[in-house]
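K.L.:
Here is what each chain is made of, one letter per residue.
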Amino acid sequence: MKLLHLTDVYKIYQEGQENEVRALNGVSLDIARGEFVSIIGASGSGKSTLMNILGCLDVPTYGEYYLDGQLVSELPDRRLSKIRNLEVGFIFQGFNLIESLTAIENVELPLVYQGVSARRRREMAEDALERVGLADRAKHHPSEMSGGQQQRVAIARAISTRAPILMADEPTGALDSRTGEHVLEILHGLHDGGTTVILITHNNELAETAERVIRVSDGKIVQDGKTAAEVTR
Amino acid sequence: MNIRQSFKMALKSIWSNKVRSALTMLGIIIGVAAVIILVSVVRGQNIKMKEYYESMGTNKVNISAYVWNGKDVSQQLYDFCLEQSDIVVGVTPNMSTWGDIKYRATNTSAHPTYGSPQVYYGSDRYSQCNNYTLERGRDISFLDVKTYNQVIVIGSKLSEYLFQYKNPIGEKISLRGYTFEVVGVYKAKDTGMNEYWSLDYMAVIPYTMSRLLDKTTQITEFTAKIKNAESVNTAITRLNDFLAKKVPENSGYFYVYSENQWLEQSDEQNKLMSNVLGGIAAISLLVGGIGIMNIMLVTVRERTREIGIRKAIGGSRRTILIQFLIEAAVVCGVGGVLGILVGGLGTVIAGKKILDILVFPSMGMTVGAFAFSVALGITFGMYPAVKASGLQPVEALRAE
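Line by line, the protein sequences give chains G and A. Letter 48 of the first sequence, counting from 1, is numbered 287 in the working numbering, and no numbers are missing. Letter 357 of the second sequence, counting from 1, is numbered 1549 in the working numbering, and no numbers are missing.
Just so you know, these hints were derived from the structure itself, not from any lab. Just so you know, not all the hints are guaranteed correct.
[What the hints assert, rightly or not] A few chain A residues facing chain G, derived, Cβ under 8 angstroms:
hint	residue
1	1197
2	1203
3	1205
4	1206
5	1368
6	1369
7	1507
8	1511
9	1589
10	1591
[As the list claims (entries may be wrong)] Pairs of lysine-lysine residues, derived as DSS-like cross-links and limited to a Cα-Cα distance of at most 30 angstroms, are as follows:
hint	chain 1	residue 1	chain 2	residue 2
11	A	1463	A	1338
12	G	321	A	1204
13	A	1579	G	321
14	A	1338	A	1294
15	A	1419	G	321
16	A	1419	A	1463
Small disclaimer: the values here were computed from a predicted structure and weren't measured. Backbone N, C-alpha and C define an ideal beta-carbon position, used for all residues, glycine too.
Kindly generate the complete structure, drawing on both the sequences and the hints.
P.N.:
Here it is in structure tokens:
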């Protein structure tokens, strides 16, 4: 069984109404453990919806989604929270940091939900911030940081739990090219360590760095295959 | 995530929204303080009222009887009361007269507040029936009554006014031109209920003196001291039965009543007052609670994205629910504690200003007010908390 397995998945908004939107229109997909997959597509193609479903942030209207052999639609809220907490790390395009918390408190938050002791939590969060080069900004609030620094805090939060799957939605979208490259390096470093990475982007060049590229258009997968990723890397 | 962690998180969240939290608390502070002050002041009023009645003497039955045709029933009534020795411990006439009392150059008519005192016609049981105790000297005696002795026992305030620090025993005073010898002084017992009148600015003379002062021998008012509160009603029944026979309809009037009834009545009124004021204050507390719900709803809306982030990184429905409930409960709990402090202070100030006594809120009410405010927070925090925790992470994340 693959790590992630989608069979004929649909996500339909306002179904049956005049303004019905089919964000996903019959997607079937397998992703193996340890893969580095990029999902590429134009704006509105359904790639973010696909990530939301893969990350258990949303549920399909129709179709089946298995995560590590478990049928996600049958899992209770508590179990889904556990999956989001333990199995998946998210990096969002808009950073999604909590403004009232400092950088280190943001990084600690998933560990709080895991019930990790305060001391151990602090150690793990400091380690994650160090890995993204932000150990010296631990006590700063997001509003006191640049976009690139905020994104690195978000990455630190995603990797602090050492989740086996990392999902990144346009992680370099709001960053300058140099910071973007740094973020990409971190992702590849994690992949090299065994993490399954799913990268959502509209940028072909960025997508090419993955070992597998899936192109989405109008809610369907239109291309799925190996690319010259090794060369560009 | 454990409760301690949830508390820490809730406190942090409250702290980062200081102004909003303070405004939310204000409703609870005012509500709790209002409940405490109003109920405590009414309770203080009740205590003071009881003290006042007790100072006048409890378990008393007052009797008025008058016959038009000049037939005097007073002696028969007096004798009847004395016969009821199983329940009546003493009986005294309870009539009074007014008159200036002079001692050397001091005249009571010049008293700046009270003026001339009330002078009671009493028996040797007057002090027992009216709850006076002697401070010095002696009381009116049976012999004084029988032999028309011109003796007088005075209240402490009257003694103070006429004699200052001098021992009044044996001194001669003049009452409406007649000379009386002061034989005793009663201890102070007034509770300060009325600033223009005092239970200690009075005097008692043998009731037979009415013949001399008011040219009458007819006594129409009596007070009987009853053994205990339980016997008061029996005494009233017996006296009514007796007087119904002695004072036929249309030939006069009679009236038997007990101050215990007044006390019960004022107790009832105070309870009613307490309930009405408590109710009004509870409404203000309820308004505070609705304010909390309103603010919690706004908070949820404002923090929808945060809730989305928390859910996306592993916060379960239960965790989010607990966090919001604890936030509401802590805001209300802190508001409750502050309300208790403000209410306690307000009670002391109001007690001193309005009643001139020291009143404190009761322990039960303090604990009750705190529990009520926390319960209010949980109740009114529930709806927005349920709403927040039920959101799909992706929906919450889309919120701006």
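K.L.:
Run the structure past the numbered hints and jot down the numbers of the failing ones, going up.
P.N.:
Hints 2, 4, 5, 6, 10, 11, 15 not satisfied by this model.
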